[in-house]
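One-letter residues, chain by chain:
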Amino acid sequence: METEFEKSKPAGKSEAPITVARRVPEVATPMDADGLERVGHSSTGITTYSARSSIRNPLQLIRNIFADFWLGRELAWRLFLRNIRGLYRQTLLGLFWAFLPPIANTAIWIFLRQANVFSMGDTQVDGTVYILTGMILWQAFIDAFQMPLGMINKNRNLISKLNFPRESLLLVGIGEVLFDLMIRLLLLIPAFLIFQVPVHTSILYAPIAILGLVLIGASLGLLLMPIGSLYQDVGRFIAMVLPFWMIITPIIYVPLTTFPGSLLNWLNPASPLLLLARDWLLLGTTNHFAIGLGFAAAAIPISLIALVVYRVSIPVLIERMTA
Amino acid sequence: MNLSRSSSSDLILDVDHVWKVYCRNLKRAMWYGLKDLGREMVGGGRDRSHHNLRSGEFFAISDASFQVRRGECLAMIGPNGAGKSTMLKMINGLIKPDSGSIKISGKIGALIELGTGFNPILSGRENIYINAAVLGIRKREVDGLMEKIVEFAELGHVINDPIKTYSTGMRVRLGFSIAANLRPELLLMDEVLAVGDVGFRMKCFAHLNELVKQGVSIVLVTHAVGMLQRVATRSVVFGQGKIVHDGDLETGCTIYEEMLGASDRVRAKKKEEAGRIGEIGSVEICNEAMEPQAEFETGETVRLRIQINTRETIKDARLVVALCSPVHGVLSSVSSPYQGIQFDVDPPGRVITLEIPKIPLLIGAYHFNISLFGPEKVDFYHRSSLRGVFRIVGPPTNADGYGINGITKLQHSWNING
Chain A
0 METEFEKSKP AGKSEAPITV ARRVPEVATP MDADGLERVG HSSTGITTYS ARSSIRNPLQ
60 LIRNIFADFW LGRELAWRLF LRNIRGLYRQ TLLGLFWAFL PPIANTAIWI FLRQANVFSM
120 GDTQVDGTVY ILTGMILWQA FIDAFQMPLG MINKNRNLIS KLNFPRESLL LVGIGEVLFD
180 LMIRLLLLIP AFLIFQVPVH TSILYAPIAI LGLVLIGASL GLLLMPIGSL YQDVGRFIAM
240 VLPFWMIITP IIYVPLTTFP GSLLNWLNPA SPLLLLARDW LLLGTTNHFA IGLGFAAAAI
300 PISLIALVVY RVSIPVLIER MTA
Chain B
0 MNLSRSSSSD LILDVDHVWK VYCRNLKRAM WYGLKDLGRE MVGGGRDRSH HNLRSGEFFA
60 ISDASFQVRR GECLAMIGPN GAGKSTMLKM INGLIKPDSG SIKISGKIGA LIELGTGFNP
120 ILSGRENIYI NAAVLGIRKR EVDGLMEKIV EFAELGHVIN DPIKTYSTGM RVRLGFSIAA
180 NLRPELLLMD EVLAVGDVGF RMKCFAHLNE LVKQGVSIVL VTHAVGMLQR VATRSVVFGQ
240 GKIVHDGDLE TGCTIYEEML GASDRVRAKK KEEAGRIGEI GSVEICNEAM EPQAEFETGE
300 TVRLRIQINT RETIKDARLV VALCSPVHGV LSSVSSPYQG IQFDVDPPGR VITLEIPKIP
360 LLIGAYHFNI SLFGPEKVDF YHRSSLRGVF RIVGPPTNAD GYGINGITKL QHSWNING
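If you read the protein sequences in the order shown, they are chains A and B.
Going by numbering that gives the first Met the number 0, the first sequence opens with residue 0, and the numbers climb by one from there.
Going by numbering that gives the first Met the number 0, the second sequence opens with residue 0, and the numbers climb by one from there.
Everything labelled a hint here was simulated from the structure, so no lab data went into it.
Mixed in with the good hints there might be a few duds.
With the Cβ distance kept under 10 Å, some of the chain B side facing chain A (calculated, not the full set) [unchecked claim]:
| id | residue |
| --- | --- |
| 1 | Val17 |
| 2 | Glu39 |
| 3 | Met40 |
| 4 | Glu125 |
| 5 | Val377 |
| 6 | Phe379 |
Ideal Cβ placement from N, Cα and C applies to all residues, glycine included.
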């Protein structure tokens, strides 16, 4: 059979075929089983679909994932622009909706604090800026966490009917999370001015911690996506748990340093990088450098595993979407 | 397999012993989905061919094999739920086979559903870029094709307006135009032939024929069998997940029409009551020499031997015989009194033969519905449908306007002198 295919490459076509961002197939040809790289992205390559799980060849799988990220970049950019443009054309208030949640949340907590309902501890900077920054970072984490399931649900029609690099949806999702985050971070400019917060050079490192925070949120969301897509219970559970999760994350108070409260900083995946990012943005010094970077480093292998899970699960999920 | 028409060096698609399992129960399907996920994650194979089914599962596709070569247009036909669209989805790589393999050489362009991914509030032009990107085409290549796409879709005057202001037909035209102008090597189409107005449909057929001539292979799924002759060169017929025919289009369409009839037969039988006095027994279709035969050519003599069984004497019996096509319904109905035929049926019964000389039917599947009456309108004994199934297998018809076509051969003459 293979030899027949070898011969079947287009012979002297009058019109050059359009180079196409063809998806890298899930499963390699039998030749791959012997470790031979044969599946290419060119329009003359042979695609094989079989029951074999692509996870059996993990290196190939990861290579294919990154190849599809690259192939899907233009599609991702188009879809990103489509969504952003759509957002503006359809709403009166547009960007305002991006600003609203952190402002509203901050306002509520500031009001409660002034009524002495709770104590924040020594925040070192004005409490309003402290809470606002925390809220913006928390919102980014949560957006990233909920993004994978949201993307799959929003694009069910597209996914179940067309074959395109699925990774491009993640690029779009991350793009949207970062876009919203950037707009919200603009809120900090007037806040810094009004509450006279000094600017430290450490603000330059903050993006590292912020990206780590988004990455870990997206990876965890990605790991939950397959089950969440099959069973709606997962989505409901997350919606129920989110307020509690926010409370145990040091957003409206300084992190607890005494046992057992300090345990929360270690167990809560949102905490360390959120604290590190906030310290770098507001204080210039931090006690969370090691743990924060540790979590950021851990985010890399976790995200790789999550990407593998995402890719392997999509065909199974499509089957059940249409079943 | 009938592959003699093309050489073996042009294989584009090779479907090799493919099986696919589905489950209709929602709760179970979800649970199996979860288990399948787990199995995929640990790299477990899932060879699920033959009798390896879990409770509630069935084979949507069982042991299907076929091939498509360069420049071939294959029609996948069959009743609803026969597995055509599932097969198309596997070829497109959306879902995985549970056993067997599918190999594709070259670039796939899919039209699984026209206009999937259109954003209603963006303009037609913006949507062309998005749709092309989904199909894997880069912007600069779309730029070069933009004029062609817009012109083919006949939407030049509205291409900068939001898609939500388009009619359904306009959207379909745009979707087809995008996918068909991107020059894939293998084009997959699911039920897209029956859309749009007649003029545009004809344009689509012409375009598809042009693509086939240029060496593009097409696999299409449709129920509009009548239109297939304009574009398809071969057919694969699916019945309950199995391939029941792989070969020429005419035979495929005939088999499909018979299958549609067969499901009616099951329903009709259930309705029938037991304990009749007189009934239509065995029915045999024969040639002029009274030998059983099921395939005829246009113009041959067809004889229908009808066995009537009875428990009591039926005085002045009446037979009504309707010649039918599964697609077109009753074509003609004749009765024994029309030709002054009078007869009684004594127990246990008798045989009556109906002769149709020079049958004027063209290629297709046909059958008879036979009813037994007494002399009065209300003296009904039995009606038996889908009896004496036969096929007209030749001579060939021509849908392009160079021969004769339709279901009957019309006696006619031309006079070019007015």
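Status of each hint after checking the structure:
Residue-level restraint check for Val17 (chain B) holds (minimum Cβ-Cβ distance to chain A is 9 Å; threshold 10 Å). Below 10 Å, beta-carbon pairs count as interface contacts, and Glu39 (chain B) has one with chain A at about 5 Å; its hint therefore holds. Taking 10 Å as the C-beta cut-off, the interface hint given for Met40 (chain B) holds, the closest approach to chain A being about 6 Å. Below 10 Å, beta-carbon pairs count as interface contacts, and Glu125 (chain B) has one with chain A at about 7 Å; its hint therefore holds.
A distance limit of 10 Å between C-beta atoms decides the matter here; for Val377 (chain B) the minimum to chain A is near 51 Å, and the interface restraint is violated. At a threshold of 10 Å, the smallest CB-CB gap from Phe379 (chain B) to chain A is about 46 Å, leaving the interface hint violated.
The structure shown violates the earlier hints numbered 5, 6.
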